[in-house]
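Peer 1: Could you slot chain L onto chain R? The hints should help.
Residue numbers (numbering that gives the first Met the number 0), protein chains in the order written: chain R, 0 to 307; chain L, 0 to 217.
Any given hint might turn out to be false.
Stated by the list, open to error - If you only want the chain R side, here are some residues facing chain L, beta carbon under 8 Å, derived:
#1 128
#2 188
#3 208
#4 259
#5 272
To be verified - Residues from chain R that keep clear of chain L, each with C-beta distances beyond 10 Å, as calculated:
#6 68
#7 84
#8 138
#9 198
#10 218
#11 227
#12 241
Unchecked claim - For lysine-lysine, the following DSS-like pairs were computed, each having C-alpha atoms within a straight-line distance of at most 25 Å:
#13 187/L with 30/R
#14 84/L with 220/R
#15 175/R with 45/L
#16 175/R with 277/R
#17 176/R with 185/L
#18 121/R with 45/L
#19 156/L with 258/R
#20 175/R with 39/L
#21 30/R with 45/L
#22 84/L with 30/R
#23 215/R with 258/R
#24 121/R with 185/L
#25 121/R with 220/R
#26 184/L with 134/R
#27 30/R with 175/R
#28 112/L with 134/R
#29 134/R with 186/L
#30 175/R with 156/L
#31 112/L with 266/R
#32 112/L with 30/R
#33 112/L with 121/R
#34 112/L with 298/R
#35 183/R with 156/L
#36 185/L with 183/R
#37 45/L with 183/R
#38 184/L with 176/R
#39 195/L with 185/L
#40 134/R with 39/L
Simulated from the structure, these hints should not be mistaken for lab results. Every residue, glycine too, gets a C-beta built ideally from N, C-alpha and C.
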Amino acid sequence: MKRAEQWFCRRSAVAGFLLVMSLSGGCTTTKQYATLAEAGSAYTGAVSALADKASALEVEASSYQLLNERRVLSSQYKDKALRDTLTAHLSAAETSDYRAIQKNRRIKDVAMSLQAYFDGLKAMATSSAPSDIGKKTGDLVSKLNIALKNSGNSIPDSDTALVSPALTHMTEAVLKKELTGRRKTILNALSVIRQLDEGLERTSSGYGAEVDRSFKFMLVKLPFTDSKREDLMQLGGMDLWLQERRKVMLASSNADEAKAMIDASRKSYDAFNETFNKMTTGNAEVSLDDLSKTVDELKAFNTFVKNL
Amino acid sequence: MNTDESVANPLRELSDFAASLSDDYLEGQLGKSSMNSSEKSLIRTKYGAMRRDLSRIRLGWVLYEKEVRNDIEVQLDRFMVLLEKGPEQREALVRQFEAVIEKAAEINCFDKKLMDELAQIWPMVTLPEELPAFTSGQLPSPSEWPRYRLKEIFRKKQTECDEFWLEVYNDAFRLEIETATDAIKKKKDQLDAIVKSIDLGITLLTAVNKILGLAAVV
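Looking at chain L on its own, in the form it has when it is part of the complex:
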């Protein structure tokens, strides 16, 4: 799903963004825009909030990687192994599921590797009936095995991440991309307009020549 580099260091991607989204960049874009001052002011406010978010996320990632991430990964990996085990590991699996629910809630949504792992795990736990540990018929109770809890955690985290990137695009790039698209269309329209003008000129000159030709004959 991801390149090795981006899995290893999402911080680098975020840092690249932070570096490219300077005040100068924003002012350059606003300078070209036809927005009124209150609209520009709103964009500046949103842009500032986005840059603060970026800084917060980058700082958060450093702490997460240092203090939180490793334990989550260990618990998820242990759970993955237990999911394959038979009834003899039933109790261990149920206990580990509780630990995984707690740890999954701590996953940083920018952590691509663990988000991928969570996306792999949650569909396996929604049907405990299909897990080897429970095939002997003794299913865990709903309180022991909240089958859709991991799915909810995944959905919430993925939404959080998607909302962030949507905001980055809309606040930082949409204006420039749309302005550029309009400008390109205008340039093409100008070329097309030249063709039309020349066509008109040819039509007029054909008519003039016809009249002149007739005059010469007369």
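If we strip away everything but chain R, and leave its shape as in the complex, we get:
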């Protein structure tokens, strides 16, 4: 085969490959994958934040329990016996709280491991490398042509224009293969995280209710009904009591916040699960608008948990 024919065949093969790559990438765009990955990251991030919140509520509830036990035990024990009993209660509460915090940290670690996966997917889907490679390949060919012009050869610029879309579609194909191939594992892993999330919600709901009830009882009712508390009728004590009562009556309770969090969490999980299923089974098209709504919902949940 002559040199010109070889060059022509090579050119055709390259152009054909690039064209096939451009057409075979699938319907879902990198932007949709990026949005899906962002949604997954937002949900797992919220679970991770929820683990911290659950620990904080658990410790607060345990502090109220200690104070309540101190109040009850003070009428049963005196002096050294009381001190010893209180010390034993404090030590037991510390051990129990420490275990709960450690467990919640492990739940957080699990959520973060799946979040890292979604973050990796998003970084790949939003990478500017495919378009950079396309543009820079064009620059490279121009420079090469300058260097080659004296020898009478040149590389056609027209082929390089296909590099960018072809690489973008290659990225899409990689993302599609990754998500559809690993669909079962991700859904199972998500489902485990959902079980842990439900446990955190249940725990937060219980401890939140205990904190609310204890706060109201110990800081509002007990001082008010204790006729010996003369400080309640003096300026400082009165002001403090008014503040505590205002919190009970006007501020949103921990139990209400926990309920709102549970509702938001369930909706977020369901929305993400449905979107993920649609995108990885190919049974239904997911528009970018629908995806954006899911992401907004998940981000709102994430922000809500972090602001608790």
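Peer 2: Chain L only, in chain R's frame:
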């Protein structure tokens, strides 16, 4: 807190897990891994133990649902009603509390509905001072009303359940998820490396062209 379907049938979730965690799945994961043989052997042992746990839990659930669950639910519901009653139901409430403590200890931690109910009940009993039945001032004694007993039972059961799911994730999914995360990062790094290589090529060719241009002038 839970979808109706998952409340009605936790067994289905557990069965789905058991079905998806086959020996083939594990061997596929280990085949891709760079672990040494003793590490792989340890994973196989843990995986086997987890699958046995799953079978035990599924069998346990069937018996629980058939023979135990209904009575627990009845006792908890009865207690919920009594918690709202006044001093005339004081004795009945104290008696029912004892029955609830006994029954709560029998709750299967995977029973989402009853675990949710327990999470609702225990914060109500830690302050008997606030219950309508005791507002007349006659509080039950600590032995009659161990105020934190239900909380301890709840905490123990919830921990048991959380530990199980943590183990499932760590034994069955962590390896694959982390390997996949590393692979995705590598693919992205490869693309970035291509960009860098082309950048280097352009820099070199610019220098070459400059030299060639100068040579042409000379």
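Peer 1: Could you run down the list of hints and mark each one as holding or not?
Peer 2: How the hints compare with the structure:
no.	hint	verdict
1	128	holds, 4 Å
2	188	holds, 4 Å
3	208	holds, 4 Å
4	259	violated, 12 Å
5	272	violated, 10 Å
6	68	violated, 8 Å
7	84	holds, 12 Å
8	138	violated, 6 Å
9	198	violated, 5 Å
10	218	holds, 13 Å
11	227	holds, 17 Å
12	241	holds, 21 Å
13	187/L with 30/R	holds, 16 Å
14	84/L with 220/R	holds, 21 Å
15	175/R with 45/L	violated, 32 Å
16	175/R with 277/R	holds, 12 Å
17	176/R with 185/L	holds, 16 Å
18	121/R with 45/L	violated, 32 Å
19	156/L with 258/R	holds, 21 Å
20	175/R with 39/L	violated, 30 Å
21	30/R with 45/L	violated, 39 Å
22	84/L with 30/R	violated, 59 Å
23	215/R with 258/R	holds, 19 Å
24	121/R with 185/L	holds, 14 Å
25	121/R with 220/R	violated, 52 Å
26	184/L with 134/R	holds, 23 Å
27	30/R with 175/R	holds, 12 Å
28	112/L with 134/R	violated, 58 Å
29	134/R with 186/L	holds, 20 Å
30	175/R with 156/L	violated, 40 Å
31	112/L with 266/R	holds, 19 Å
32	112/L with 30/R	violated, 40 Å
33	112/L with 121/R	violated, 37 Å
34	112/L with 298/R	violated, 28 Å
35	183/R with 156/L	violated, 29 Å
36	185/L with 183/R	holds, 22 Å
37	45/L with 183/R	holds, 21 Å
38	184/L with 176/R	holds, 15 Å
39	195/L with 185/L	holds, 15 Å
40	134/R with 39/L	violated, 46 Å
Hint compliance for this structure: hints 4, 5, 6, 8, 9, 15, 18, 20, 21, 22, 25, 28, 30, 32, 33, 34, 35 and 40 are broken, all remaining hints hold.
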